[in-house]
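Peer 1: The residues making up each chain are set out below.
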Amino acid sequence: MTKKKRNVVERDSVVVKFVGDSGDGMQLSGNIFSDSAAVAGNDLATFPDFPAEIRAPQNTVPGVSGFQVHLGSKKIFTIGDLCDVIVAMNPASLKANLNWAKKGATLILDVDAFDEKSIEKAGYKSNPITDGSLNSYQVIPAPITSLTKGSLKEMDVDNKTAERSKNMFALGMLYFIFNRDLKQAISYFEIKFKKNPRLIDINTVVLKAGYAFADTIEAVESTISIPPAKMEKGKYRDINGNLATAWGLLAASEKSGRPLFLGSYPITPATDILVELAKWKSLGAKVFQAEDEIAGVCSAIGASFTGAMACTTTSGPGFSLKSEAIGLAVMTELPLIIVDVQRAGPSTGLPTKSEQSDLMQALYGRNGECPVIVIAASTPEDCFYYAFMAAKLSMEHMTPCIFLTDGTLGFGSALFKIPKMADLPPINPPLAKPNDPDYKPYRRDPETLVRQWAIPGTEGLRHRVGGLEKENIIGSVSTDPANHQLMVDLRAAKVEKVADFIPEQEIDGDKEGDLLVVSWGSTYGAVHIAVQQLKAEGKKISHAHFKYIMPLPKNTEKVLKGFKKIVVCELNSGQFVQYLKAKFPKDNYHQVNKVQGLPFTITELTEKFNQLLEEK
Amino acid sequence: MESDFINKTIERSSVQLCKADFESDQMVKWCPGCGSHAILNAVERVFPKIGYRKENFCMVSGIGCSSRFPYYVNTYGIHGIHGRAAAIGTGVKVANPKLSVWIATGDGDSLAIGGNHFIHIIRRNVDVNILLFNNQIYGLTKGQYSPTTPMGRVTKTSPMGTIEHPFNIGELVMGAEGTFFARVPDNNLNLLTEAMFEAAKHDGTAIIEVLQNCVIFADKAHNDITGKDTKDENMLILKNGDPMIFGKNKDKGLRLNGTKIEVVEIGKNGVTENDILVHDQYDQDPGIQLMLAKLAPPKFPMVFGVIRSAMFPTFDDLVEDQIKYAKETSKIKCVDDLLNSGETWEIK
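From first to last, the protein sequence lines stand for chains A and B.
In this text, residue positions in the first sequence follow this note's numbering: the first is 3, and each later residue adds one.
In this text, residue positions in the second sequence follow this note's numbering: the first is 1337, and each later residue adds one.
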């Protein structure tokens, strides 16, 4: 075989997906590929797509695991609707992902894995590589398994290890196709396998073999170059939403001087926050893995009573279990940060798939009149800032704050410009002073209606709080009807007053027009791009993406006023739209909803928006 | 009582405190004659003796008659939700180990709705003291059977008698790896305060089962054991290092026969005091202590006092140790360090 000269095609964005069996190491090759793109200056977003089972049966569709990366020389807002390149390590993973391939997409397939048994197990009637069903794609058949083994022949590597390194062969091929420098991957091996240098050698040999193979075969007609994106100067890292949430909480703890306490219980997709915070004992984080969700939130309430920055992290089912305790935190007017990484429900639902269907529960899912602050993150990197903000608002306003993210944000990665702690806003919890003769448990700041935080151990401030209604100011148990009305009103007004401390709602686009697109949470990227596309076509369309949900920004009514139609897009059956309708009744609300455990695609959004723009 | 043994991490009061320092200005709303009054009295008496600063006591409770307790003691206090006092108390103690945490709870609160938290706080050995008011009934909801109601008892929800096997609290505590268990009646103030003092001395989760009388819904439920006419024969009050002797004439005792405990009469059949079991509350092996906790009339007396007080590391101490070690050894000393750790790159 002779090396041929190839054209280099320049692209401004490409979506690549690595798919295989859940043990094939697709996450790892995807991660290394993304890191090298990031270092080369591309912007990117990534998303791991894995089954709920740890190791579903081999070579079956339920066992398919994937990693999608969208990289570009422009700002990247989503993980991409459809893929330009799919690397499939077996028939099942091809079958499960072909729907997400663009017409004409490049498919790199491990032909060694397309044996009769695996083809049948995947549910194919015949071999898709040879039966012509892939004719509209650019197929690169590669004997990845056998060439991996072949490349390791002289190294005396056992069969299992050889099999496990085939993901690096595929990665090597992609490095060639995308004109990437192998050094990046090799330096990654050097760190990852520091304790086992032989694995550095093995992976390097296989990686290079994959690179060389791609260089020699006819099927690779051209290579792809993605120039660096124009990004703000500074120091960057890769971050996913769960990591960003954990770090945002740590940042808030350091800023406020209140030690972090996390009471939590493992639940997909929120577990990684618990796992991450457990690592940072050196920053004083006390992480308590409780016996259940209820103990998680209750231990946090106990910690909050003692003056800690108390958090609990969970997802839908666990969030339900915590409802009663959140009511206790509302009644005792203690700070408490509840992170709900939403997933598809109801009940156990689709644990690894994402949805925005806990909004109503966050707003109203408790007994009694029980208002709390609710805020939502929009991108993986802003999980950091909004987790910080959730903690700030909760502590400064002495009230629980529910911070909504979801599986898409939690698992999804983006580039994160590393902030400096000194640039983050201060957090000043209303601590009561020792021996303050005027201290009363429910005496309030007249402006914010916030009571003081009197920390056990402080001289002269002994007091009791609890779930029973309390007498205004004094704090004794009270069943007086007028007092109950007053306290209910005060707690509600206290939360409403948070609106004085949050930014006004922004509109992306003109303040008046034909259509205002409203969204919140992880749908930001797709909605933003869909709106930009139509705006570029000259349509009178604007976008308002909400981050503060309870209370809403003060100018919300004004924002909604200037448009002929409003369309609220959410991954539920219409929860935010109901909330807006109740707050600001109008007859021009429309909605776009999707409850499939999948994000919006840009195409489905532009179609709906166009429809609304055309209809009179 | 000596306060020398008391935990050193909790700051002591510089002045001698008295009962009045812990009396709250709230009206105590338990029924007249309720056993809870005696427990409140004992707590207000023992806190000054324990000697910590009054601001370093923290009462925690769940829901039920017992759980109104924090309102009646002048300390920091949090009245929680049903069954969750152990979980709230864990958060209080772990977040601030310098507090002396006291949980007031009942048989319904801790053994039914809160059973999970109860066994797990014990398993972890969080250094808190739990006063478990066992009146064998749900009082605040007016008379339904609880997990300690004896089988067959007629209550509002068991009109034909209960058909549930009750928990023996001591057995449950030791089954959950408990390190401290005491049982006391509500009609013996000295025994109550002594047990509370011992609990304060103990590092780890201390469970004090108080046989508490509910005058309205289960009156005299414990009378067969703790009543005036029965207590001499049916109660054996343990004292560490002493032989286990009981009876009106102090002539009965417990002896180990093979693997079983038996009641013997001293002076009969050649039995002398030397044959009688001597109590060792500090024994780490709970074998004998478990057998003692299970004894009950008619064949045996019920044992009272501190049955088990074994030394094991506490959860909150281990948390502090790990944090201290991590702070000493980690390269990540602040959030700026963390944000800049791992793989980062500069875009110029």
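Some clues are possibly wrong.
Computed list of lysine-lysine pairs in DSS-like fashion (alpha-carbon distance at most 25 Å, straight line) [as the list claims (entries may be wrong)]: (1) 1586/B <-> 442/A; (2) 1663/B <-> 422/A; (3) 1390/B <-> 194/A; (4) 77/A <-> 1684/B; (5) 1663/B <-> 283/A; (6) 237/A <-> 210/A; (7) 419/A <-> 1669/B; (8) 1365/B <-> 1492/B; (9) 197/A <-> 1667/B; (10) 1365/B <-> 281/A; (11) 435/A <-> 542/A; (12) 1667/B <-> 419/A; (13) 1663/B <-> 281/A; (14) 237/A <-> 1390/B; (15) 542/A <-> 618/A; (16) 1684/B <-> 76/A; (17) 1635/B <-> 1586/B; (18) 435/A <-> 1434/B; (19) 610/A <-> 583/A; (20) 281/A <-> 1667/B; (21) 1586/B <-> 283/A; (22) 435/A <-> 235/A; (23) 237/A <-> 194/A; (24) 1365/B <-> 1556/B; (25) 442/A <-> 1635/B; (26) 185/A <-> 196/A; (27) 123/A <-> 97/A; (28) 442/A <-> 1365/B; (29) 1434/B <-> 237/A.
Since the hints were derived computationally from the structure, they do not count as laboratory data.
Peer 1: All the hints need checking, so say for each whether the structure fits it.
Peer 2: Results of checking the hints against the structure:
1. Our distance criterion of 25 Å between C-alpha atoms is broken by residue 1586/B and residue 442/A, whose separation comes to about 55 Å.
2. With a C-alpha separation of about 21 Å, the suggested pairing of residue 1663/B with residue 422/A holds against the 25 Å cut-off.
3. Between residue 1390/B and residue 194/A the alpha-carbon distance is near 53 Å, which puts this suggested pair outside the 25 Å criterion.
4. At roughly 16 Å between alpha-carbon atoms, residue 77/A and residue 1684/B fall within 25 Å of each other, so this suggested pair holds.
5. Restraint check for residue 1663/B and residue 283/A: the C-alpha separation of about 7 Å stays at or below 25 Å, so the hint holds.
6. Between the alpha carbons of residue 237/A and residue 210/A the distance comes to roughly 30 Å, so the proposed pair goes past 25 Å and is violated.
7. For the proposed pair residue 419/A and residue 1669/B, the alpha carbon gap of about 21 Å is at most 25 Å, so the pair holds.
8. A threshold of 25 Å between alpha carbons decides the hint, and for residue 1365/B with residue 1492/B the separation of about 23 Å falls inside it, so the pair holds.
9. For a cut-off of 25 Å, the pair hint linking residue 197/A to residue 1667/B stands: about 20 Å separates their Cα positions.
10. With a C-alpha separation of about 47 Å, the suggested pairing of residue 1365/B with residue 281/A is violated against the 25 Å cut-off.
11. A threshold of 25 Å between alpha carbons decides the hint, and for residue 435/A with residue 542/A the separation of about 55 Å lies outside it, so the pair is violated.
12. Proximity of residue 1667/B to residue 419/A is assessed by CA-CA distance (about 22 Å); at most 25 Å being required, the pair is judged to hold.
13. For the given pair, residue 1663/B sits about 12 Å from residue 281/A by alpha-carbon distance, which is consistent with the 25 Å threshold.
14. Restraint check: the Cα-Cα separation between residue 237/A and residue 1390/B comes to about 51 Å, which exceeds 25 Å; the hinted pair is violated.
15. Our distance criterion of 25 Å between C-alpha atoms is met by residue 542/A and residue 618/A, whose separation comes to about 14 Å.
16. Proposed proximity of residue 1684/B and residue 76/A is supported: the alpha carbons are some 16 Å apart, at most 25 Å.
17. Under the criterion of a C-alpha separation no larger than 25 Å, the hint pairing residue 1635/B with residue 1586/B is consistent with the structure, at around 17 Å.
18. With a C-alpha separation of about 19 Å, the suggested pair residue 435/A and residue 1434/B falls inside the 25 Å cut-off, and the hint holds.
19. At roughly 20 Å between alpha-carbon atoms, residue 610/A and residue 583/A fall within 25 Å of each other, so this suggested pair holds.
20. Taking the CA atoms of residue 281/A and residue 1667/B, the gap is about 12 Å. The hint holds against a cut of 25 Å.
21. About 56 Å separates the Cα atoms of residue 1586/B and residue 283/A, which puts this hinted pair outside 25 Å; it is violated.
22. With a C-alpha separation of about 44 Å, the suggested pair residue 435/A and residue 235/A falls outside the 25 Å cut-off, and the hint is violated.
23. Annotation: proposed proximity of residue 237/A to residue 194/A holds, straight-line Cα distance about 22 Å (limit 25 Å).
24. Of the pairs offered as hints, the one joining residue 1365/B and residue 1556/B holds, with about 20 Å between alpha carbons and a cut-off of 25 Å not exceeded.
25. As the CA atoms of residue 442/A and residue 1635/B are separated by approximately 56 Å, the hinted pair breaks the 25 Å bound.
26. With a C-alpha separation of about 16 Å, the suggested pair residue 185/A and residue 196/A falls inside the 25 Å cut-off, and the hint holds.
27. As the CA atoms of residue 123/A and residue 97/A are separated by approximately 11 Å, the hinted pair is consistent with the 25 Å bound.
28. Note on residue 442/A and residue 1365/B: the hinted pairing holds, with a Cα-Cα distance of about 23 Å set against a maximum of 25 Å.
29. Our distance criterion of 25 Å between C-alpha atoms is broken by residue 1434/B and residue 237/A, whose separation comes to about 41 Å.
When the structure is compared with the earlier hints, violations turn up for hints 1, 3, 6, 10, 11, 14, 21, 22, 25, 29 and for no others.
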